[in-house]
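Novice: Using the hints, position chain B with the ligands against chain A.
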Amino acid sequence: MADIILETTGLSMRFGGVTAVDNVDFQLREKELRCLIGPNGAGKSTFFKCLTGILKPSAGEVFLDDQETTGWDPHRVAGLGIGIKTQVPSVMDGLSVHENIWLSARRRSSVAEANRKTGEVIDRINLGGLAYKELGQLAHGERQRVELGIVMAGNPWLILLDEPAAGMTGEEVEHMSDIIRELNRNAAVIIVEHDMQFIRSIASKVTVFYRGAVLMEDDVSVVLSDPTVRDVYLGKKA
Amino acid sequence: MQSQMIKSMVGPAFAAILIMCLLPVVLETYTLTLLVVYGMLGLSLGLIWGYGGILCFGQAAFFGLGAYSYAIAAINIGESTVPVFIGILVPAVVAFLLGAMMFYGRLADVYMGVITLVFTLILFRFMNSTAGPDFVIGKARLGGFNGIPGYQTLNVPGFPDEYIYGDALYYLAFSLLIVIYLLLRWFLKTSFGRTAIAIRENEERVELMGYDVRIRKTLLFSLGGGIAGLAGVLYANWAEIVTPGLFSLGQSAEIIIWCIVGGLGMLVGPIFGGMLIGLMKFLLGQQSMIDNTLILGLVLVLFVLFLPKGVVPTVSKWLPTGRTKSRKRRRKSQGRSRKSEA
Ligand SMILES: Nc1ncnc2c1ncn2[C@@H]1O[C@H](COP(=O)(O)OP(=O)(O)O)[C@@H](O)[C@H]1O
Ligand SMILES: [Mg+2]
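Protein chains in written order, with the numbering used here: chain A, 1 to 238; chain B, 1 to 342.
Read the hints as simulated data drawn from the structure, not as lab findings.
Predicted model, so just to flag it, every value in this text is computed and none were measured.
Any given hint might turn out to be false.
When the alpha-carbon atoms are kept at most 27 Å apart in a straight line, the in silico DSS-like pairs for lysine-lysine are as follows [what the hints assert, rightly or not]:
# : chain 1 : residue 1 : chain 2 : residue 2
1 : A       : Lys31     : A       : Lys205
2 : B       : Lys281    : B       : Lys7
3 : B       : Lys317    : B       : Lys189
4 : B       : Lys7      : B       : Lys139
5 : B       : Lys189    : A       : Lys133
6 : A       : Lys56     : A       : Lys31
7 : A       : Lys133    : B       : Lys317
8 : B       : Lys281    : A       : Lys133
One side only, chain B facing chain A, incomplete, derived with CB under 8 Å [to be verified]:
#  : residue
9  : Glu79
10 : Asp109
11 : Ser191
12 : Arg194
13 : Thr195
14 : Glu204
15 : Arg205
16 : Met209
17 : Gly210
18 : Tyr211
19 : Asp291
20 : Thr293
21 : Ile295
Just the calculated beta-carbon pair ranges, DEER-fashion [said to hold, decoys possible]:
#  : chain 1 : residue 1 : chain 2 : residue 2 : range
22 : A       : Thr169    : B       : Thr293    : 48 to 58 Å
23 : A       : Gln87     : B       : Tyr104    : 20 to 30 Å
24 : A       : Asp218    : B       : Gln2      : 48 to 58 Å
25 : A       : Glu120    : B       : Glu204    : 19 to 29 Å
26 : A       : Arg29     : B       : Val10     : 51 to 61 Å
Every residue gets a Cβ at the ideal spot worked out from N, C-alpha and C, and that includes glycine.
Looking at chain A on its own, in the form it has when it is part of the complex:
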């Protein structure tokens, strides 16, 4: 199956007695857009961290683009061409918007190319007027956009976004879904999100996490009308 670009088999992550990710088999096709949902503490962020190498899984394997990458360091995983937005915004507050994005662009291209790409990305995320402002002085939503810009600038073929819409205004969310759809033309995307409105708007296949394991995986309409999923979200026992 050549067009599977991400696969995990029996992936597990335990912290002492807590099993945060429990025996997850997951597959993602080229240029697919996938939403990951599930209540707080379901293990979505931990699953991401195992994919990106921030955490070393306790068991199971990760394959990216037909290579096994289990236990790789984050910079090696990212170097393959994977863009990552963590749940807690991770940006360089003491540097300018331009510098933040330029550094990402520079990783896999020449200085001239990085300069060009940086301008392009800053325009795309509508931060042209703030390009040389220090990030620490920007509003929360603007910083989220910069982090998305950092991801875009790396020209990734796989993008992992952990709650990218958190704390954004409705308008900002809309702008961001446009960007995500655009990115999706050249890259596969996995998004962790709680906002059902948002998930519906980018309509795609949804994977539901519950207590570290995959509860179900189906089209957005099927999943959202499923009684078990609703129970899980309302906190009842599945």
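Specialist: Just chain B with the ligands, lined up with the frame of chain A:
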């Protein structure tokens, strides 16, 4: 880009040369040389701490290693050119190995501090215990707490009898400081330099961009070690004797104070801090009423309380250029203490 870069350096270069020529009017070059050495040593820590975010409690170790390596090589070789390079290379390599151990081992900052501290202590102890005749490297006896005297001092390359000392040593040391300063300014504008600053800001993000943080920190640490080594070489030529006191914890702590007083996140800050405190110690040394260390401690406390950003960043905010802008910025970015301008 390149020509712009060179243009932006002409001003600082001229200013530095002017200062170099004017200082001898007010102070003896003998004293000034030592201040320049301190400035360079401050710069070495300011680079790795202020730009790489690596707080090293053992910068004196690299300083001492530079001085000792020079002295030992000079005794064995005679002519000073090769020993100078050895005096830079040995600490740079040691810093590389120590850095690799710390950064590849992913030690937390606290443990890094402890390791660099212990490393300095070990060198200090070891050098103190090398008094016997068994401790020789080639023709050089390590001499324990007496140190090593009587080695070949700097000479014009290729002419072992043409010594560089006194005024000439001062101008040479200051010129080297200027060259290093300008090279570092350039370095911080390169892609490598820019990633180093980014690592200070957010290591995880730089990793997630796909950069290998460990090798970059190790190389930066090694660069800092090499510069401290050169300062050590110059010191060895100024003092004409090297002793284990170079490795003392007091010396290491003092370099940290220089950086705090001068200001981090700007290359001139730690240079200025080193020279200023050096001068203060010199002036205090001429009286014996109050204990030196006491005053140094007092100065540190006062700075941390009232001028936490250090002299240079604070003063440069008062300068007329961009005055209103920087004021506004300061108000907004309260609590952030580092700026990424050189
Ligand atoms: N570093 C850690 N140490 C211990 N437990 C952790 C750690 N990270 C996450 N967990 C636990 O793992 C579970 C899953 O957390 P997380 O992946 O953040 O969930 P989600 O992102 O779906 O809200 C939670 O019970 C959380 O407390
Ligand atoms: Mg989460």
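Novice: Each hint needs a verdict: does it hold in this structure or not?
Specialist: Verification of the hints:
A C-alpha spacing of about 12 Å is found between Lys31(A) and Lys205(A), which places the hinted pair at or below 27 Å, so the restraint holds. About 37 Å separates the Cα atoms of Lys281(B) and Lys7(B), which puts this hinted pair outside 27 Å; it is violated. Taken as a hint, the Lys317(B) and Lys189(B) pair is honoured in the structure, with Cα atoms around 22 Å apart against an allowance of 27 Å. Only pairs whose Cα atoms come within 27 Å are accepted, and Lys7(B) paired with Lys139(B) is rejected, the gap being roughly 48 Å.
Note on Lys189(B) and Lys133(A): the hinted pairing holds, with a Cα-Cα distance of about 18 Å set against a maximum of 27 Å. Only pairs whose Cα atoms come within 27 Å are accepted, and Lys56(A) paired with Lys31(A) is accepted, the gap being roughly 26 Å. Between Lys133(A) and Lys317(B) the CA atoms are separated by roughly 18 Å; this keeps the pair inside 27 Å, and the hint holds. Simply put, Lys281(B) and Lys133(A) have alpha-carbon atoms about 41 Å apart, too far for the 27 Å limit, and the pair is violated.
Taking 8 Å as the C-beta cut-off, the interface hint given for Glu79(B) is violated, the closest approach to chain A being about 42 Å. Nearest Cβ of chain A to the Cβ of Asp109(B): about 17 Å, over the 8 Å cut. The hint is violated. Given the 8 Å rule on beta carbons, the hint for Ser191(B) holds: about 6 Å separates it from the nearest Cβ of chain A. Annotation: Arg194(B) was flagged as interfacial toward chain A, and the flag holds, the nearest CB pair being 6 Å apart, inside 8 Å.
Proximity of Thr195(B) to chain A holds as hinted, the smallest CB-CB distance being about 6 Å (cut-off 8 Å). Using the Cβ-Cβ criterion of 8 Å, the hint placing Glu204(B) at the interface with chain A is satisfied: the shortest such distance is roughly 6 Å. Hint status for Arg205(B) relative to chain A: holds, with the closest Cβ pair at about 5 Å, below 8 Å. With its C-beta approaching chain A no nearer than about 5 Å, Met209(B) sits inside the 8 Å limit, and its interface hint holds.
About 4 Å separates the beta-carbon of Gly210(B) from the nearest beta-carbon of chain A, less than 8 Å, and the hint is met. Residue-level restraint check for Tyr211(B) holds (minimum Cβ-Cβ distance to chain A is 6 Å; threshold 8 Å). Interface hint at Asp291(B): violated, since its Cβ lies 39 Å from the closest Cβ of chain A, which is beyond the 8 Å cut-off. For Thr293(B), the suggested interface contact is broken, since its CB lies about 34 Å from the closest CB of chain A, more than 8 Å.
Because the beta carbon of Ile295(B) sits about 33 Å from the nearest beta carbon in chain A, more than 8 Å, this interface hint is broken. Checked against the hint of 48 to 58 Å, the C-beta distance between Thr169(A) and Thr293(B) comes to roughly 57 Å, which is consistent with it. Under the hint 20 to 30 Å, the C-beta atoms of Gln87(A) and Tyr104(B), about 27 Å apart, fit the expected range. Here the CB-CB span from Asp218(A) to Gln2(B) is close to 57 Å, well matched to the stated 48 to 58 Å.
Between Glu120(A) and Glu204(B) the CB atoms are about 25 Å apart, so this pair conforms to the stated range of 19 to 29 Å. Look at Arg29(A) against Val10(B): about 57 Å separates their beta carbons, and that is inside 51 to 61 Å.
Checked against the numbered hints above, the structure breaks hints 2, 4, 8, 9, 10, 19, 20 and 21 and satisfies the rest.
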